[in-house]
Amino acid sequence: MSNVSFDPLIHAQNRLQICAILAATAEIEFKVLREKLNVSDSVLSKHLKSLEDAQYLCAQKRTHMGRQRTWLSLSKTGREAYNGHLAALREIVGGV
Numbered sequence: 188m189s190n191v192s193f194d195p196l197i198h199a200q201n202r203l204q205i206c207a208i209l210a211a212t213a214e215i216e217f218k219v220l221r222e223k224l225n226v227s228d229s230v231l232s233k234h235l236k237s238l239e240d241a242q243y244l245c246a247q248k249r250t251h252m253g254r255q256r257t258w259l260s261l262s263k264t265g266r267e268a269y270n271g272h273l274a275a276l277r278e279i280v281g282g283v
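For the sequence shown, my numbering begins at 188 and goes up steadily by one.
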């Protein structure tokens, strides 16, 4: 089980949404994530860079039909941090 730990890096609204989406799937393509969040490429890239710098995110570039695509997933560290952050939020709202 993950450690209960409030993580200010994850807590920012867009990064929390990114982690929630990535936690629910094995991987997602950059464009699909951008559309789900309704943000620009630059905004999404900035948040992904923060998560990647913390080693919470894995990004892989692959070519499909002659176009390069970026596929994203949570790393093991990122998944543990996200689960720990959710547990901390549950404690806060539960008054524990």
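These are calculated hints, taken from the structure and not from any lab test.
Predicted model, so just to flag it, every value in this text is computed and none were measured.
Treat the hints with care, since some could be wrong.
Said to hold, decoys possible - Straight-line alpha carbon distances no greater than 20 Å define the calculated DMTMM-like cross-link-like pairs of lysine to aspartate or glutamate that follow:
1. LYS236 to GLU222
2. LYS248 to GLU267
3. LYS233 to ASP194
4. LYS218 to ASP194
5. LYS248 to ASP194
6. LYS263 to ASP194
7. LYS263 to ASP228
Hint-by-hint comparison with the structure:
{"no.": "1", "hint": "LYS236 to GLU222", "in the structure": "18 Å, holds"}
{"no.": "2", "hint": "LYS248 to GLU267", "in the structure": "24 Å, violated"}
{"no.": "3", "hint": "LYS233 to ASP194", "in the structure": "18 Å, holds"}
{"no.": "4", "hint": "LYS218 to ASP194", "in the structure": "26 Å, violated"}
{"no.": "5", "hint": "LYS248 to ASP194", "in the structure": "28 Å, violated"}
{"no.": "6", "hint": "LYS263 to ASP194", "in the structure": "15 Å, holds"}
{"no.": "7", "hint": "LYS263 to ASP228", "in the structure": "25 Å, violated"}
The earlier numbered hints that this structure contradicts are 2, 4, 5 and 7.
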